[in-house]
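Construct the entire structure; sequences and hints are all you get.
Protein chains in written order, with this note's numbering: chain A, 2 to 362; chain B, 2 to 362; chain C, 2 to 362; chain D, 2 to 362.
Where hints are given, some of them may not hold.
Which copy? The list can't say, so a pair holds if one copy fits it or any two copies do.
[To be verified] Computed list of lysine to any residue pairs in SDA-like fashion (alpha-carbon distance at most 25 Å, straight line):
no., residue 1, residue 2
1, Lys144, Ala358
2, Lys144, Gln357
3, Lys199, Met182
4, Lys100, Ala326
5, Lys100, Ala267
6, Lys144, Gln361
7, Lys199, Thr172
8, Lys100, Glu269
9, Lys100, Asp273
Hint data in this document are derived by calculation from the structure and do not stem from the laboratory. Remember, it's a predicted structure, so these values are computed and weren't measured experimentally.
There are 4 protein chains.
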Amino acid sequence: MPANTFGEIFRVTTFGESHGGAVGAVVDGCPPGLALSTADLQPDLDRRRPGQSEITTQRREEDVIHILSGVFEGQTTGTPILLVAHNRDARPEDYEHLKDVYRPSHADFTYEAKYGVRDWRGGGRSSARETLARVAAGAIARKLLRERLGIEIVAYVEAVGGVRAAVDTATVSAGDVEANMMRCPDAQVAAEMIALVKRLRAEGDSCGGVVGCVVRGVPVGLGEPVFDKLPALLGHALLSINAVKGFEIGSGFAGSAMRGSDHNDAFEMGADGLPRPVTNRAGGSLGGISSGADLTFRVAFKPTATIAHAQQTVTRDGEATTLAAAGRHDPCVVPRAVPIVEAMTALVLVDLHLRQAGRQA
Amino acid sequence: MPANTFGEIFRVTTFGESHGGAVGAVVDGCPPGLALSTADLQPDLDRRRPGQSEITTQRREEDVIHILSGVFEGQTTGTPILLVAHNRDARPEDYEHLKDVYRPSHADFTYEAKYGVRDWRGGGRSSARETLARVAAGAIARKLLRERLGIEIVAYVEAVGGVRAAVDTATVSAGDVEANMMRCPDAQVAAEMIALVKRLRAEGDSCGGVVGCVVRGVPVGLGEPVFDKLPALLGHALLSINAVKGFEIGSGFAGSAMRGSDHNDAFEMGADGLPRPVTNRAGGSLGGISSGADLTFRVAFKPTATIAHAQQTVTRDGEATTLAAAGRHDPCVVPRAVPIVEAMTALVLVDLHLRQAGRQA
Amino acid sequence: MPANTFGEIFRVTTFGESHGGAVGAVVDGCPPGLALSTADLQPDLDRRRPGQSEITTQRREEDVIHILSGVFEGQTTGTPILLVAHNRDARPEDYEHLKDVYRPSHADFTYEAKYGVRDWRGGGRSSARETLARVAAGAIARKLLRERLGIEIVAYVEAVGGVRAAVDTATVSAGDVEANMMRCPDAQVAAEMIALVKRLRAEGDSCGGVVGCVVRGVPVGLGEPVFDKLPALLGHALLSINAVKGFEIGSGFAGSAMRGSDHNDAFEMGADGLPRPVTNRAGGSLGGISSGADLTFRVAFKPTATIAHAQQTVTRDGEATTLAAAGRHDPCVVPRAVPIVEAMTALVLVDLHLRQAGRQA
Amino acid sequence: MPANTFGEIFRVTTFGESHGGAVGAVVDGCPPGLALSTADLQPDLDRRRPGQSEITTQRREEDVIHILSGVFEGQTTGTPILLVAHNRDARPEDYEHLKDVYRPSHADFTYEAKYGVRDWRGGGRSSARETLARVAAGAIARKLLRERLGIEIVAYVEAVGGVRAAVDTATVSAGDVEANMMRCPDAQVAAEMIALVKRLRAEGDSCGGVVGCVVRGVPVGLGEPVFDKLPALLGHALLSINAVKGFEIGSGFAGSAMRGSDHNDAFEMGADGLPRPVTNRAGGSLGGISSGADLTFRVAFKPTATIAHAQQTVTRDGEATTLAAAGRHDPCVVPRAVPIVEAMTALVLVDLHLRQAGRQA
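In C-alpha cells form, the structure reads like this:
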C-alpha cells in the first residue's frame, strides 16, 4: 500500500493539510449500487468534529463534506468517489511562531528531515485533521458492511490517563457509547474520566487513553494469510492513526502470560450449524482468518503532545529553546478517536470482504 | 500488499506448506551488487530451526537453503532471488487422525471455511514452518541494512508465561541474547524461564511470551505517512507472524496511562549536529517517521495451541469430540520467534529505506 | 495498478464524470521541493481544452484547475496534491434521450453490464473529459522530468483519416506542432488534414488518426523487466486513453517484416563516453530498458464514435432502434489527443525514474 | 505492478536466468478447488520448448515442470503455487566470449547500465527462457478460464518476414494452428514461411513476424477503467514479451484511417438476449470493457537479434569491435511465441475476471 492509500480493492486515498484548502479522500473500488448521500457520512464526522464538547479542542469546524463524483441518482456507480471538506476555521497565523522550532513529541522535525520542506501551519499533513477523511470514507465502508453483511462495529473509551472501565464486549452498544461526551459506556467511570481531563486541561497538561472495539456479525473467512492476516491488517490500520502506540487483539499482552490449557478456545457447534469457539480469547481470528466470533481489540493512544507546560527543545538552526503551547488542542484525544477507530476497522473489513469475494469466482 | 507478498520495493513472496515439497521465497527488488551466498542466510535459519535445543520441538529439519536465481558471481544482480528449502522430516501420516477434526485455537476450521479445502498435514500453509522463508529473506535485508546503513537489530525474550526480565534496550547485544537457549539476555531470569518451560512440557502444557526488540542506527526519515507510518508497518509485519496477539512501540499501552508532561520527549542537539530526543518514550518514531533514536517495541505471543491435555472440539461433520495432541511441537515459541521478529523488522526497514530513496530523485 | 490509479511511486488517481460536479486527480508520491503552481498546468490543459479551434467540439469549458493540497509556499511538500476542475458547461439534459439506449461503439452498454448502473450524462466516467485529470497530473511529471533530468517530450499528429505526414523525429519541435490547429508539424499536410476534418464534420461523419511521439534526453536504465518493461508501460498508459486501438515502438509492425541484418542497431561510442545505437529501429528501448537513444512510438486512434449518421442499435429493453447524434463532439480527436499522449508518457517516465532511484540505495 | 510480478489478484511472480539453476514462477491468488497437475502445464510448455522443430533453436531442454506447493490431493488450495523447471542444457561457457562485449539489439548494455552487474550467460534474466515461467503459469489461468467460464484462446502466426496469411478469426481453431510447425493456420502460406525461415537460417540471418489472437466466450464486463482497460492490460502483457514492438486490437492502426460511419459497430440483440455488436471492428472491447464479442488482436515481433552476420559494436571498455553469433538461437521467434501470447492473454483475463467478481460482493 502506498503512503496515502489504504486498501487493495476498496481503496481510500486521503489528501489535505490542517490549514490548507481542503481535506478529503478519493474512494476507489466501492461496489456500485450502494445508496449514498452526505447524510450517511455526516453523523460519524460530527462525532469526530473538533469543538463538539467541553473536553475537546475549541477549533470551530463544521466539517461539512461534499461528494463530487462517483454517485449518480443517489447511488454509487463503481467509479471513484471524491469526498471534500473545505477548511473554514484555519488560522495559519497562530502557527507562525512555530515556523522555526521543533515541537517536542510532534512530527515537525521528522517531516522536515524526510521531505526537506515542512508545512508548519498546525502540523500540516501530520495533523489529526487528516482523520476527517478516514472517517468520511469509513462511513461508506460501514454502511456497506451493515447493509450487505449485517456487521456492527462499536468502539468505546476503555481507559483515560489510568482510569479504566470494565466493558462487556458482548453487550456494549453504540447507544451506551454516545450516552456521554467521553464515549465510555460506564457512566460512572466516564464521569471520573471527564473530571480528570478537565483537571488536566486546567493544569495545561494532557493524558492518553485506550480505545476498545468489538465487531459483531463478521462472517467466517475474512483475512488473507500469510501477510494480510486479519490482526495484521487491523494493526496496520489502527497503528496508522495519529498518537497510537499499541494494538492488541483478544487476550493480547495479558494472554502472553497464560498457559495453553487456560488460553485455548474449545469448539462447539453453534445454532447456525457452524463450529464456534466457546470462549473467545483469540478475539475472533484463528490463523489470521475470522472465525465468526466477535472481533475484540484494543488501541493505545499516547498523551496529546501539545501542552501548556514549558518544554525544552531546539530550533531549526540548532539552538536550544523553550516552548509552551497556547493554541487550540484536545487535552485527551480518545473521545474523538472512537469514530476514527471504527472507520479504520470498517475499511479493513470491507476490503477483506471484497478480497474474499474475488477469490471465489 | 497481496496475501503472500510483503513489501513495496523490496518484495518478498513466500510459498510452501509444512509437509509439502518445499518452503521458500522469491525476493524481488533487492538492490544489485550485494555480496550474497547461503552462508549469509544459514545462521539466522539455524536460530529458527526446530530441534535446536531441549525447549523446542523435536522435529528434525536441517533447513538447508538454496539460492536458485538472482545471484551471479557471488553478488545480487537486481533480479528475483529464489530461496528454497526442501522439507526432509515431513511425516504427513502423523496428521492423518486430524484430517476430519478441527484443533482448538488452530487455523484448521477457518482455512477450510475460507478456501473450501484444507491441507491437514501439520497445518499446511498455516504452520509456522512458513516463517523459515521470512527468516531467509530477512537475512538478506538485514545484511543490506548492516552493510550499507550500519543498522543493527537485536530482538530478545522479555517474558515467558508471566516470568519477566528487565532488559536495558540501550545496551543489550546479540551476544547476550545468544548466551542461552531461551534467548533472554538476563541469565538468571532465563534459567527461571527454562525451568518453567520444561515443567510445562512435562505437564503437556504450553505458555506464551513477549519478544522485545531494539534497532540501532536507523537514519532519520524512514516511514511513509499517512498509512505506512513506521509503527503501522512494523505492527503489520509483526502481527502477521503466527501466534502474535499484540504489538506496542515505545511506551505503548503503559504510556496511555501517562500525562503529556511526563511522556513528551524533549529535544536537544546531538553530537552529529542533528536534533535528538533526550528521552525515547516515542520508541524512535515521531509522526510515523524515524527520529534517529533507537526503535524499541514489543510483540506478544499467545501460548502454543498444541497441548497434550484433552480438549473439547468438533469434527468436520459437526460431531463433538475430544482431542489431545501427541505430535512434535514447541511448548513455548518465543526462543525461536526471536530471529523471526528480527527478520520481519529488517524487511520493514529495508523497504522503507528504498521507498525513501525513490522519493528523493 | 488499481482501476483509477496509475503508477507505482508517482501515483495518479483520477476521479470525476463528464457532467458531474468536478473532474481531477490526486497525485501521490511527487518528490518534494518542486516549484509548482497552476500556471505550470494550465498551458497543457488549454491544449486539451474543448472549443479551442474550429475542428474540435464546441463544448465551452475553461478547464480552470485548482491545487487544494500538497503545495506550500510555492513548492511541493511530498504529500498528496489534489487537482480539481469544476464542470461549468455541463448540460446533462442534452443526454436525457440517451438514457435508455446504447450508442454504437460507445461504452454505454458495457458500463451498464459491468456496474449495473450507468451515468448517462455525456458518457459519465467513460467520457474523454477524464483525460483532463491526466493532463494536469502529467504536467507535474513533465515539469519534474524537464527540470531535473532534461527530458523533452514532443507528440504530434502523424496521420488523420488516411492522410499521412512524414515527420522527422530527430528534429520535430513543440513549436512545429503548435504552429497549426491540427498539431501536425508538416504545415502542408496539416492543411489537407484540416480540410478533411471540416468536410467530415459537414457530412456528420468523423475519422481516426495516428499520434506520434518522440522523447529526448531519456537517461539509460529506465524500464523494469520483466513485466514493467518500458514498451509495456508505455503501451499500458497509451492504450488506456479513450479511443486508442494500437501502439507501436520503434520499427513496430513494419519492423516485423524485416530481417535481422537490416533491423539490428549497431553500437558505437557516443560523445558522452557511453555506447549508443547508430540507428534506432528499437525506438530507444533494449530489453525493455531505455538505451539513451530517443524514444519513438506511435498511437492509433479510432474514428470518433459519435456521428450524425443514423445508426442501428438497441434500447435497454432490447428493442431495435435508430440513433443519430446531435450533441457537441470532436469530428477527429487527434489534435486534442497530443497533450494527452505527452501527459501519459510523462507519467510513465517519472515513475520509472523514481523506481530506478529506489533500486540504487 | 512490480517488476517481476503480473496481475492484481491472480499474481504471477517469475524468477530465473537462462543459464542459472532454474526458472519458474510463484502463482499467488489462484482460486482454490481447481484440479491441477503438471500434466495440465506440460502441453503448452512443449509448444514453447526449444528444439521442437527444424525452425527453432537447437538448445535441448525438456522443460519439465515441478509443482512444489499450493496443490494438495490433486487440487489447488488457494495458497501460493511454486512452479520450477531446472535448467539442464545450460552451457555458460558458450557465452564467455560475450562477457565483455555488448551484442547489438540485445539487452547486454542496458542491463549492465541499469543494474551495474550483468549475468552474461545467454542473456541471463533478459533471455526469452523466462517466458517458460509465463507459459506454465498461463496454463493454470487458461484451465480455469476454460473450465469455469468456457473461454477459448487461440493464437496463431499471421505473418513472417513479410509473408502474410489471411486468417478468419471466426473459425480458426487450435487444431489448425498445430497442424504445422510454423503454427500458421493457412497450410500453404505456412509452407512459404517455413521455406523463408530455412533460407534465412542458412544465410545466418533472421526475421520478425506477427502473431494474431482470438478469444471466444469472454463474458461482458471484463476490464477496469480508466487505467486498466482491457486493451491497456493486454497491451501491457504482450508488450512485456521479449522482442515485441507493437500491439493492436480490433481494427488497430488500419482503423485509424477509417471514417466513423464505416468503423462503428451497430448493435443488435443476440440469441442470448444480450445486445451484441453486429460487426467487430472494436475487437471485443468498448470503453475498455469486454462487450461479449470475440477479442481480436495482433502482436508484432521484431527479427531475432542474434545473427551470424558480422556486426559493429563496442566492448565494455568502449573499444569498437565486430561480432558474429555462433550460438544456438531461433531464426524467427513467432512459432514459439504463439503459446506465450496465449499465456499472457490468459493471465490478463483471469485477473480481470477475479477483479470483477471482487467488485460485485
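Taking the hints in turn, this is what the structure says about them:
1. Lys144 to Ala358: both (18 Å within a copy, 20 Å between copies)
2. Lys144 to Gln357: both (19 Å within a copy, 21 Å between copies)
3. Lys199 to Met182: Result: close within a single copy only, 12 Å intra versus 51 Å inter.
4. Lys100 to Ala326: Classified as within; 14 Å inside a copy, 58 Å across copies.
5. Lys100 to Ala267: between (58 Å within a copy, 18 Å between copies)
6. Lys144 to Gln361: both (23 Å within a copy, 15 Å between copies)
7. Lys199 to Thr172: Neither: 29 Å inside a copy, 40 Å across copies.
8. Lys100 to Glu269: For Lys100 and Glu269, the Cα distance is within 25 Å only across copies (18 Å; inside one copy 61 Å).
9. Lys100 to Asp273: between (60 Å within a copy, 23 Å between copies)
Checked against the numbered hints given earlier, the structure breaks only hint 7 and satisfies all the rest.
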